[in-house]
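Asks: For reference, the chains in residue letters:
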Amino acid sequence: MSAPAIDVQRLTKRFGDFTAVDDVSFSVARGEVFGLLGPNGAGKSTTIRMLCGILGPTAGRGEVAGHDIVGEPEAVRARIGYMSQKFSLYLDLSVLENLEFYGGVYGLGRDRLGERIGWALEMAGLRERGDQLAAELPAGWRQRLALGCALLHEPEVVFLDEPTAGADPMSRRQFWEVIYELRGAGVTTLVSTHYMDEAERCDRLGFIFAGKLAALDRPDRLKQVREKGTLVEVECDRPAAAAAALQATAGFASARLHGAGIHVGLDEPAGAAAGVRSALEEAGFRVERAEVVGPTLEDVFVSLIEEMEASSGAAVR
Amino acid sequence: MNLRRAWAISEKELRYLLRDPRSLGVTLLLPVVLLALFGYAINFDVKHIPLAVYDPDASPESRDLAQALTRTEYFRAAGTIGAPAEADAVLARGEAKVVLVIPAGFGRDIAAGRPVRIQTLVNGSDSLTASVALGYLEGMLGDWARRRAGEALPRQTRGAAIDPKVRIWYNEDLSSVKFITPGLAVFILMLLAALLTSQTIVREREQGTMEGLVASPVTAKEVLLGKLLPYVAIALADVALVAAAGRLLFHIPLRGGPLLLLALLLLYLLAALGLGLLISATARTQQGAYLVAFIGTLLPTLLLTGFIFPVSSMPKVLQAIVQLHPSTHFMVIARAMTLKGAGLAALWPRAVALAALAAAVLGLTAARFRKTL
Amino acid sequence: MRNRLRTLIRKEVLQLRRDRRIVAMLVAAPLLQLFIFGYAVTLDVKHISLVVCDLARTSESRELTGSLSRSEYFDVAGWVDSPSEVDAYLASGRALVALSIPRDFSKRRSRGETAEVQVIIDGTDMNSAGIAAGYVGALMSHYDRTHPETIRAAGGVSHEPRIWYNPNLDSVTYMVPAVICMILATVMTAATAVSLVRERETGTLEQLIVTPVRPIEVMLGKTFPFAAIGLVDVGLIVLLARYWFGVAAAGSIPLLFLSAAIFLLTTLGLGLFISSVSRTQQQAMLTAFFVIIPSVLLSGFIFPIENMPQPVQWLTYLLPLRYFVTIVRGIFLQGVGMGILWPQFAALVASGGAIFAMSAARFQKRLG
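Chains as they are written, first to last, in this note's numbering: chain R, 1 to 317; chain V, 1 to 373; chain G, 1 to 368.
Isolated chain R, as found in the complex (with noise of 0.2 angstroms):
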């Protein structure tokens, strides 16, 4: 069993007064797909600039690619790729000056240099745009560009720090593509989400809440665990008002929106769904659909959210 390729270990930032990471720990394994999944401001970012020696640990240590991130920041940068959360992408330059830039500062020959921004544009799917302005591309491409720039050097551990934010769901489809590509050839991916999709085609998961982390485990184990009682799925019509109507009802105090329609929580499983149709519909709502699901990884961050709020008096953000 080799080592972990990431490992940290009561990391902590603080920033003056502000805690932005409390004491994560948490390990990677080689050729794992690793999500870090959060509200915004919960510290995934400053938890990623850290591994990547952006920013210093003000209390803890990790590990990766087998090296320190205090002590040799450099091993760990020569073994890493990064995207940012900005791209980071010179808009003036074009396509291909910046692959060529970022393969120049890595160190790649020449030959292995036209090999890697060969397949950095295949993957990217720019091949006819290698002339065109990084500004002039939509961000979908320009997504796709950054990650191919943080990959041209097979790095062995990748940090992604929300690389699909605001892009369409098949420009995420094909993202994630790329990283299932990674994953079979060794390399260790981390990436920070709040897409409940991708959370879920993650190997494991970390929530981080408020600069802690609350939850580590695999997508299926977090929802197995956290599934006490029923979830009952309701669509009707004026969903918003029928949330109101159920909270408003003993017994179905925990209903909230979820997506387009409602989840409701309870305690006892049998006729859970016809309960909550009889409801609604004395109270005047039209129901096309009530059954009991399973909890999505959504319910799962909300109710963990909810608790630790409820433990902590803290307001999410």
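I should point out that these hints are in silico values taken from the structure, not numbers from a laboratory.
Bear in mind the structure is a predicted one, so any value in this text is a computation, not a measurement.
Mixed in with the good hints, there may be bad ones.
[To be verified] Every beta carbon over 10 angstroms from chain R, so not counted as near; a handful from chain G, in silico: (1) VAL76; (2) LEU220; (3) ALA227; (4) ARG242.
[Said to hold, decoys possible] Straight-line alpha carbon distances no greater than 25 angstroms define the calculated DSS-like cross-link-like pairs of lysine-lysine that follow: (5) V:LYS165 to G:LYS46; (6) V:LYS221 to V:LYS12; (7) G:LYS365 to R:LYS86; (8) R:LYS223 to R:LYS212.
Every residue gets a Cβ at the ideal spot worked out from N, C-alpha and C, and that includes glycine.
Since the structure of chain R is provided, determine the placement of chains V and G on it from the hints.
Replies: Using the frame of chain R, we list chains V and G on its own:
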């Protein structure tokens, strides 16, 4: 024009400025620093010019001449040289900027009323000092000669001469700080336009927040007005600072009417800040805006509009061109109103020019700035 | 690694090439400054505007005023009938000097008495005022000399000035070195500072940190293009001075370039330092200005250092620009070489090295 919307823009701009205390500090401190510099450290009165003397005559007359020059504050004695050849070295080393060469037999000739010729060697590489030194030399030598020649003649033949009685008005002690300070206020206002206003629109474009503005009901004119207001406030604060400091530290008077001065100041502000906005609206990057502002507003104001170097000394073509710059007119107005106590009667042509330029600049800006990306 | 440096420099060049405007301005600025300095910057005052109030109106008084207006020193801006009208001319700045000839001017002269004339000078611009006073005196004595009825015509002192190094008192000659200094000190510093802060703002600096690039490579990569432009600017100024203004450098041009290169170390290093303490482009520019303007004013390139109070003079020893001004003037105007200028060179190298080292120390590959 919806003033409330314009005010919303002003508020946002103010908040942005207040969040950057360092930049704000610089805009308020720099004028004071400059005033201090000009008041205490820098003066370009050309005075105490080192003057060396070659005097083979060594008569009372020649000594009197040398002393007449070095006794004034315009020249200071920088020693004597023993031979004409030494003049070269003395000038090259910078020990003296002027060498006075008195011919042998000077004293005898003066006493006898015979014409004499005095040579001066001036280091021309510092042409600023040199030309002023030459002017002084002309005047002082002429004065000395008249006085001397007059005294040499018997009393009854003296006379039938012209005696100019010279009086200095407005800046009686010829202090350079009194000259500079009104001009400094003008310079600072242009500095603010160049450094702050020139950035404000192009920055939003670069950061992408212009999109939000374009999509909102705010009109282009409201944006311009909203962006202008906070900088007017800062500019006025700066001017007040300079005026107060100038008054307290250097006793700079304000002889003209303060209300009129304020009105004209506001006109100039509109022109100067408007210029900044024009640059901001037409530039593509912040870097570019800054460069254009530096070359187009700051540099000319510093060098061409009479801040230090007189406009009347420039080639006629340049003088004409410079009339298009608002600083040229306000420079005259500021000085005239603080030091001379001039009023609208004397200054109305400049005021009209200023108003016209302000209107032109703002009109041009309003025309060029559309709510587009 | 040389390779990385080359990649960095190539990127900077590509970016600059894309933004033609900026490059054009960086090249146009010095040329513009040269013109401005050459034509406009002079304290020499000729064609002083004069307003005349001649109450005597005799042929004699007209002769006096005529001789004044014919000289190249004065230009008559107006003739007025009463002393009160003189005020308006002076107050509005239409005239710098006012000459009032009293009614009894000719009578007194014919009686053999000294006739007084009133000269009022606007003292606002004290240099012009001093010069004007000098001219008035000189012209009066010239008038005396040319009038046979004044006994003072006998004898008299004539003044023969000789001007060395710059016989036509061209301000261009004096100013060309100044322009070189000004450009390198102002535009280059601010441009470097802003360029680096821009990378911080757009997030590309963060990306660079994650790569194997070393801090010194980033610094050199950033400064190299601006250094190149700076040296090109120097070349352009020298060429323009030679072929347009006819001003050739008296000393060694290679030495001039060497000193410019060393001085660029300091200005660009300063730009880097400023960028390391600035968060936004606006901050960088303002900070740069805050530092640049006073140092330019104190460097001796327009205002002579020897006129400054002692403590300020000592302060100027800390300014690299001061040494550069001396070097450039020395090479350009007096043709001196390393033999005389080596102390300035040494000081420049020392201060440049110090500033660059300070910037390098601040340039850690850490954002926080």
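Asks: Out of the numbered hints, which ones does the structure contradict?
Replies: none
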